[in-house]
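Chain residues, written in single-letter form:
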Amino acid sequence: NAGVTQTPKFQVLKTGQSMTLQCAQDMNHEYMSWYRQDPGMGLRLIHYSVGAGITDQGEVPNGYNVSRSTTEDFPLRLLSAAPSQTSVYFCASTTVRSGGSSYNEQFFGPGTRLTVL
Amino acid sequence: GNSVTQMEGPVTLSEEAFLTINCTYTATGYPSLFWYVQYPGEGLQLLLKATKADDKGSNKGFEATYRKETTSFHLEKGSVQVSDSAVYFCALTYSGGSNYKLTFGKGTLLTVNP
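Keeping their order, the protein sequence lines are chains A and B.
Going by our numbering, the first sequence opens with residue 280, and the numbers climb by one from there.
Going by our numbering, the second sequence opens with residue 519, and the numbers climb by one from there.
Source of the hints: derived by calculation from the structure; they are not laboratory data.
Model, not experiment: these values are computed from the prediction.
Where is the CB? At the ideal position from N, CA and C, for every residue including glycine.
Errors might be hidden in some of the hints.
[To be verified] Sample of chain A residues with no beta-carbon within 10 Å of chain B, all distances over it, derived:
hint: 1; residue: Ser363
hint: 2; residue: Thr373
hint: 3; residue: Leu393
[What the hints assert, rightly or not] With a cut-off of at most 30 Å between alpha-carbon atoms, the simulated BS3-like pairs for lysine-lysine come out as follows:
hint: 4; chain 1: B; residue 1: Lys619; chain 2: B; residue 2: Lys574
hint: 5; chain 1: B; residue 1: Lys570; chain 2: B; residue 2: Lys586
hint: 6; chain 1: B; residue 1: Lys574; chain 2: A; residue 2: Lys288
hint: 7; chain 1: B; residue 1: Lys586; chain 2: B; residue 2: Lys619
hint: 8; chain 1: B; residue 1: Lys574; chain 2: B; residue 2: Lys624
hint: 9; chain 1: B; residue 1: Lys570; chain 2: B; residue 2: Lys619
hint: 10; chain 1: B; residue 1: Lys619; chain 2: B; residue 2: Lys578
hint: 11; chain 1: A; residue 1: Lys288; chain 2: B; residue 2: Lys570
hint: 12; chain 1: B; residue 1: Lys624; chain 2: B; residue 2: Lys570
hint: 13; chain 1: B; residue 1: Lys586; chain 2: B; residue 2: Lys574
hint: 14; chain 1: B; residue 1: Lys574; chain 2: A; residue 2: Lys293
hint: 15; chain 1: B; residue 1: Lys586; chain 2: A; residue 2: Lys288
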């Protein structure tokens, strides 16, 4: 198993450019999510998906789009990059169980470091 | 809403010193609590977890006990090593429905010197 993979590892964009950050998992997880990590802010949830065709907004969704056409892939799109989107982006996935106190470990990708000039 | 507060870093210790990183939370219902670790240049890895009150999570010499009365989940290790240098995140999920959304603290950078 490759686990959660992300590409690219590093990216530099100019303000106004668009790009897609790729995320894929081979664990057949229903739930996938995108976080951004900024100094002193911890990780904040951008968007998430509970299955193919289903997406929803997290804490900081503005400026980002997502889609989930397959179980394996969950790309994050920046339509018009801004310097405020300079960050490290992490994709994560887990299984979804209903109710109870059970916990499903979330598996994180290695991250994409994005700089917007 | 749910929130996690953990002690500000950075924390710098000598090898074999005792480590405590404080974490408190605010949540409705009965959250599950976690510590994640991020080694330099890597993604996050689950370090330990506790899913109900009074549970103790442990892994790699680290421990944390879920204290509902004080809404705390402090991370401890009796003798740290240089290889423990990393950023540590306390986090929770709310078990009342969306039990897969993680809410993170801001992270604590630990540096262990030889």
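Holds or violated: Lys570/B with Lys619/B, Cα cutoff 30 Å?
holds (17 Å)
30 Å limit on alpha-carbon distance, applied to hinted pair Lys586/B and Lys619/B:
It holds: about 20 Å lies between the C-alpha atoms, which stays within 30 Å.
Mind checking the alpha carbons of Lys619/B and Lys578/B for me, to see if they're no more than 30 Å apart?
holds (25 Å)
Just to be careful, I want the Cα atoms of Lys586/B and Lys574/B compared with a cutoff of 30 Å; is the pair within it?
Measuring from Cα to Cα gives roughly 12 Å; hence the hint holds.
Holds or violated: Lys570/B with Lys586/B, Cα cutoff 30 Å?
Holds, at roughly 8 Å.
Going by Cβ atoms, does Ser363/A stay more than 10 Å from chain B at every point?
Consistent with the label, Ser363/A stays out of reach of chain B, its closest Cβ about 18 Å off (over 10 Å).
Holds or violated: are the alpha carbons of Lys586/B and Lys288/A at most 30 Å from each other?
Distance of about 40 Å is beyond 30 Å: violated.
Hey, Lys288/A versus Lys570/B, does the alpha-carbon distance stay inside 30 Å?
Cα-Cα ~37 Å, so violated.
Does Lys574/B sit within 30 Å of Lys619/B, going by the straight-line distance between their CA atoms?
Satisfied, since the Cα-Cα distance of roughly 22 Å is no more than 30 Å.
Would the pair Lys574/B and Lys293/A pass a check requiring their Cα atoms to be no farther apart than 30 Å?
violated (48 Å)
Closest CB-CB distance from Thr373/A to chain B, is it above 10 Å?
It is violated; Thr373/A is separated from chain B by about 5 Å at its closest Cβ, not greater than 10 Å.
Run the distance test for Lys624/B versus Lys570/B: straight-line Cα separation, threshold 30 Å.
holds (23 Å)
Consistency with the previously given hints fails for numbers 2, 6, 11, 14 and 15, ordered from lowest to highest.
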